Structure formats: C-alpha cells, structure tokens
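J.: Hey, can you work out the whole structure from these sequences and the hints?
Sequences listed follow chains A and B, in order.
Be aware that the first sequence starts at 82, since it is given in this note's numbering, and climbs by one per residue.
Be aware that the second sequence starts at 173, since it is given in this note's numbering, and climbs by one per residue.
Accuracy of the hints is not assured; some may be wrong.
[Unchecked claim] Covered, in the sense of this in silico footprint (three residues per stretch, anywhere, with C-beta under 8 Å from a C-beta of chain A), are these stretches of chain B:
| id | stretch |
| --- | --- |
| 1 | 353–361 |
| 2 | 403–409 |
| 3 | 422–429 |
[Said to hold, decoys possible] Computed cross-link-like contacts, SDA-like style, restricted to lysine to any residue with a CA-CA straight-line distance of at most 25 Å:
| id | chain 1 | residue 1 | chain 2 | residue 2 |
| --- | --- | --- | --- | --- |
| 4 | B | Lys199 | A | Lys282 |
| 5 | B | Lys199 | A | Lys398 |
| 6 | A | Lys398 | B | Leu430 |
| 7 | A | Lys282 | A | Thr349 |
| 8 | A | Lys398 | B | Leu438 |
Calculated from the structure, these hints are not laboratory results.
Note that the coordinates shown come from a computational prediction; the quantities given were computed from them, not determined experimentally.
Quick reminder that beta carbons are idealized off the backbone N, C-alpha and C, glycines included.
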Amino acid sequence: MAEYKGVLICGEVTEGRLESFSLELLGIGRKLADDLGQELGAVLLGSGIGDAAKEAILFGADKVYVVDDPLLKDYQTDSYTAVMEKVCKQLLPDILLLGQGAIGRDLAPRLAFRLGTGVTMDCIELAIDPETKLMVQTKPVYGGNALAVLVCEQTKPQIATIRVKAMAPLERDDSRTGEIISIPAELDPAAMRTKVLDKVKEEVVGIKLEDARVVVCGGRGIGGPEGFSQLEEVAKLLGGAVGATRPPCDSGWVAAHLQVGLTGKIVTPDVYVGIGLSGSSQHIAGISGAKNIIAINKDPEANIFRVAHYGAVGDYKKVLPTFIQKCTELLSG
Amino acid sequence: MNIIVCVKQVLDPELPPSAFKIDPEAKKAIAPRDRAPVISPFDENAVEAALRIKDAHGGTITTLCLGRDLDMAVVKKPLSMGADELVLLQDDAFEGSDSFATAYALATAIKKIGEFDLIFCGRQSADWDAGQVGSGIAELLGIPSVTPAQKIEIKDGKVVVERVVADGYEIVEVSPPALITVSNELGEPRYPTMKGIMVAKKKTATVWTAQDLGLDRSMIGASAAKSKMLKLFIPVREARCEFVAGETAEEFGANLALKLREAKLL
Numbered sequence: 082m083a084e085y086k087g088v089l090i091c092g093e094v095t096e097g098r099l100e101s102f103s104l105e106l107l108g109i110g111r112k113l114a115d116d117l118g119q120e121l122g123a124v125l126l127g128s129g130i131g132d133a134a135k136e137a138i139l140f141g142a143d144k145v146y147v148v149d150d151p152l153l154k155d156y157q158t159d160s161y162t163a164v165m166e167k168v169c170k171q172l173l174p175d176i177l178l179l180g181q182g183a184i185g186r187d188l189a190p191r192l193a194f195r196l197g198t199g200v201t202m203d204c205i206e207l208a209i210d211p212e213t214k215l216m217v218q219t220k221p222v223y224g225g226n227a228l229a230v231l232v233c234e235q236t237k238p239q240i241a242t243i244r245v246k247a248m249a250p251l252e253r254d255d256s257r258t259g260e261i262i263s264i265p266a267e268l269d270p271a272a273m274r275t276k277v278l279d280k281v282k283e284e285v286v287g288i289k290l291e292d293a294r295v296v297v298c299g300g301r302g303i304g305g306p307e308g309f310s311q312l313e314e315v316a317k318l319l320g321g322a323v324g325a326t327r328p329p330c331d332s333g334w335v336a337a338h339l340q341v342g343l344t345g346k347i348v349t350p351d352v353y354v355g356i357g358l359s360g361s362s363q364h365i366a367g368i369s370g371a372k373n374i375i376a377i378n379k380d381p382e383a384n385i386f387r388v389a390h391y392g393a394v395g396d397y398k399k400v401l402p403t404f405i406q407k408c409t410e411l412l413s414g
Numbered sequence: 173m174n175i176i177v178c179v180k181q182v183l184d185p186e187l188p189p190s191a192f193k194i195d196p197e198a199k200k201a202i203a204p205r206d207r208a209p210v211i212s213p214f215d216e217n218a219v220e221a222a223l224r225i226k227d228a229h230g231g232t233i234t235t236l237c238l239g240r241d242l243d244m245a246v247v248k249k250p251l252s253m254g255a256d257e258l259v260l261l262q263d264d265a266f267e268g269s270d271s272f273a274t275a276y277a278l279a280t281a282i283k284k285i286g287e288f289d290l291i292f293c294g295r296q297s298a299d300w301d302a303g304q305v306g307s308g309i310a311e312l313l314g315i316p317s318v319t320p321a322q323k324i325e326i327k328d329g330k331v332v333v334e335r336v337v338a339d340g341y342e343i344v345e346v347s348p349p350a351l352i353t354v355s356n357e358l359g360e361p362r363y364p365t366m367k368g369i370m371v372a373k374k375k376t377a378t379v380w381t382a383q384d385l386g387l388d389r390s391m392i393g394a395s396a397a398k399s400k401m402l403k404l405f406i407p408v409r410e411a412r413c414e415f416v417a418g419e420t421a422e423e424f425g426a427n428l429a430l431k432l433r434e435a436k437l438l
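T.: Here it is, written out as structure tokens:
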C-alpha cells in the first residue's frame, strides 16, 4: 500500500471567504496533525478563491491546495467528487475531514464509495489513538440517544465529517506561514450530469438563528402559527431569534429553514428557551451547545427537562404573558 | 416514471429517550417489546415524493427494503400509501452490514428489478443518521445523485429538484436515471387509506436472499464493514433542572423571569 500521510481538510469558500466551520475543521485538523507529528493540508475548491487560501494558513494549515475553476463555482456532486478523488490520489492523506454541511454531507459518502474507504458522518469528537495512530471517531447515533466510537482500520484515507460548531477554531495567527499550491481541476463538463438552475435564499428577518445569542424554539405544543407570534414577542424582548422543532416546520406553521436539530440548524446561544416541545433527541442534537437551557412545558416528564437548567411546568399560553410582563419590567428597570 | 424507493425498518425514533436502551456488549440498541418498529421517517417522505410524481405523471412505485426481523405490517405501509410493489432483501448474511454492504446489496437488487427512472431514499436513517446509502447506490450504479430534496418535479422529461441547503435551497436539474434523497421539508407523508390497507394486505412481497442476488459474501455482513465499532454508549446528562416555584402558571411565568435575572441571563 502506498504511504498515506498527513491530515487534509476540505474547506468551503463563499464569496472569497472561508466558511466559519472550515475554521473549525482547521482547528481539529491541526490538533490531529500535531498528535501524529504530520502536516495539515487544506484543499479549497471553488471559483475565485482569492484570499481564503491565505486565511486557511493563518488558521492552522501548513499547505493549502487551491483548485480554482469556473466549473467549480456551484457545488455539484459530479465535479466535486471527481476533483476530490484526484486530489486524494495525488496527496494520499491519512485522514480527510469535511464539514457536515450542504457540501460535506453529500460529497463525503460519494467520495468514500469511489475511493473504497470508510467514512463516519457527523462526528462530534476526534482523537488519535496513541498506539495504533488511527483516528478514533465519536458520532451520535439513534438521533443522539447514544454515541458510537469507531475506527477505520483497513482502508485509507480515514474520512470523517464534523458536526457544525462541535469543534473550536484556533485563534487567527498572522505570523503563521505556509505554502499555497495550485492544482488544476481538469474537469470534463460533459461528465457533470446535474445543473444548478437557481439558488433561493430564505429571507431572514432580524437576527440569524446560527448567530443569535438567544434562541426561542417552539414545538408541536404551540398548536399553530398564531402561537408562534407570542414566541416572536419573547425573542424580540430578549434580542434573539425564533426557531422550531420539526413538526411546526412540516405542518407549515413556520418556514422550513427555522428547523433546529440534527438535520436543521445547529445553534449555540447563551440562552435557549424551549416552549411546548418535548425535547426529542433529534432536536436536542441541535441545541446541545447552548450554554443555558430553559424549558416551558405542561408535561413535567417531557424529555426537555432532562437537559434543561431552568424549567417551568405549565401551559405556555398562561406562563408566557406573565413571563413577558416580568421580563419587560426587569429590563426597563 | 418508474420509481424505486428504498426504505428501512428502524426502532421508533419517537420512543422517549428515557426508554431507549442499548446492549453495550453487543453494541446494539435493544428493541422495546411494547413498541413496534416503523419505516424510517425520511424514507416515508421519500415514498410520499414518489407518490406525488405518480399522481401527476403515472408510473409504478417499487419499494425495496433490506433487513432482518422485518415486520410485515410495517414494511407494507408504503403499499398501503399507494406504492405498487414490495421487494424484501432478507438474509441472515446481512447481519452487521454497514452502509457500504447495504448499498451494494440494494444496488444489486435494483439491477435485478431492471427498469427504473428514479431511485428515492430518505436523506438518512433514524438509527445511524449516516446518510451514506443513497449516495453509495448512485455511485455503484454510476448514476447522478442529488441530496437532500424538499421538492421533486418532472418537467419536459427532466427532473427538477429543490435541494435543501443551510440558508434556503438550490434548484437542480438532472436527467433520469438519477437517485434523489428526500428530506422532511417535503411535507407530511399521506396516511394510508382504508382501501390502501386492504390492497396492501392482499399483495405479496417478493423476497430475495443474498444468493438470489448473487452477492459476493466477502462484501456483506459484519466482517465486510469498513469501520469497526469500538464502543456504543448512552451519554450521561449532567444538567439538573431547577424548576421555578409557584402555585399557578402565571406565577411560574413571573418567577421564571426573576430566576433568569438572578442567574444574570436577563
């Protein structure tokens, strides 16, 4: 077997800037590379990558491989898989990390199947086993009810995707130096079998959920779209954003992009308020990084109280008005 | 349009986390006796997506399900929703199969079924949450894939997919044959009708074993797994909830605000 060496992360660039979770990949990648005593590489695919390559170095990469091509402007499974297959065969990384985002969750499995190697999706912890030097991967399963710890022993590279916000980025270090290497894409446009016709951005009113310091989420117990206007009021008062569990999104009470959880948004606010929601594992997966969890639910047995720091047992329709009133008083006084 | 939908039988993910148990030795979840398994929820979305296309354009829907200890009442649900055929891949040799072995078996079965325009899968299963099998089937069959979708329409023989991304969606066009995974943003799957349930009862599933498919034994089952599981465990939750005092819901509300101020969160 050829010698596989080093850690490689696949970063994502939007409008010439590294996506914030690419910085998280660089952070954990740096740690794994240091533990192995090997190099950390970053591969950036796109069109007009510009200063993002330099940024990757300042956040931890030793080498940045840039594949800049107009055909890579939009993410497409065929083109990105072909380029990553080529890059992996050329660089032979021991470990390849991607983000569990719109690109990584599609690209990682397809690439792993093409390379004939294993991949662990949505990891929340990665470490190097001091004896075997293999990457030990921890991943939530059963909607977060359990954690599985896995290793890929037989094949290389060992591929993992990382849950957004599960790892901390390094501080930007302007004194860091590294090498930027260009790799041609050499894509055959005829081999790209999909076409991106349009991109539709959901309009965000107020603070973005991912950036909000306070997140107020509602669940099935809210009962309908009207109830969510009361949650809006709470969010506005606390300077936060409103999210929801899956049922309100699926029932059309709120926009689909407000879904918080395993397959929706991952939020890490200082204060999270869960109202009229049971606290399914799928939802908890999206809020486990919240510093303070507050729950309002009429069922004292609801799972949300098992993870909450502060709780109020009662019908939210009766609890919220006095809560809002008191908060207003305290905030103005 | 002829559509194949891959579905998986899983432990009911709505099971309260307090009732979720594992066998750490066997590294497996324990199926509760008093709770029937279900079709993985995203797979039901995939069935719904196929039914919407059938409603608009006709065609047949074949559901394909791999697993052991399959519950007929469960795996027949897509038939009662309106799917036409059911193929089960049942064999002890599949025990312990990972995403690779599963995709290999499903792709081989799809070749045996023969003609199809589209393959739908749920975006990820409710047990392993990996989301690899769909892409794997597409790779093994050498067809394009789009993941995950919130809407799938047929226009002039092409498939127009709304692909879910973090801040909205992309509109992606692809020609059949293609594989698409489906997300819950598609909307609630329909309920089976009484008539549908009667029709489903009368239908017999086609059952194939590993041998029927001519599968390479070295590529299925636990021994073929690409990754080895070292451990499966239930994480300990450290938070201890402090319930606010009060007699009425109104008092709870006011006291919760005071509590947050006290904790300097307000």
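J.: Mind listing which of the numbered hints don't hold for this structure, in increasing order?
T.: Hints 4, 5 are the ones this structure does not satisfy, whereas the remaining hints hold.
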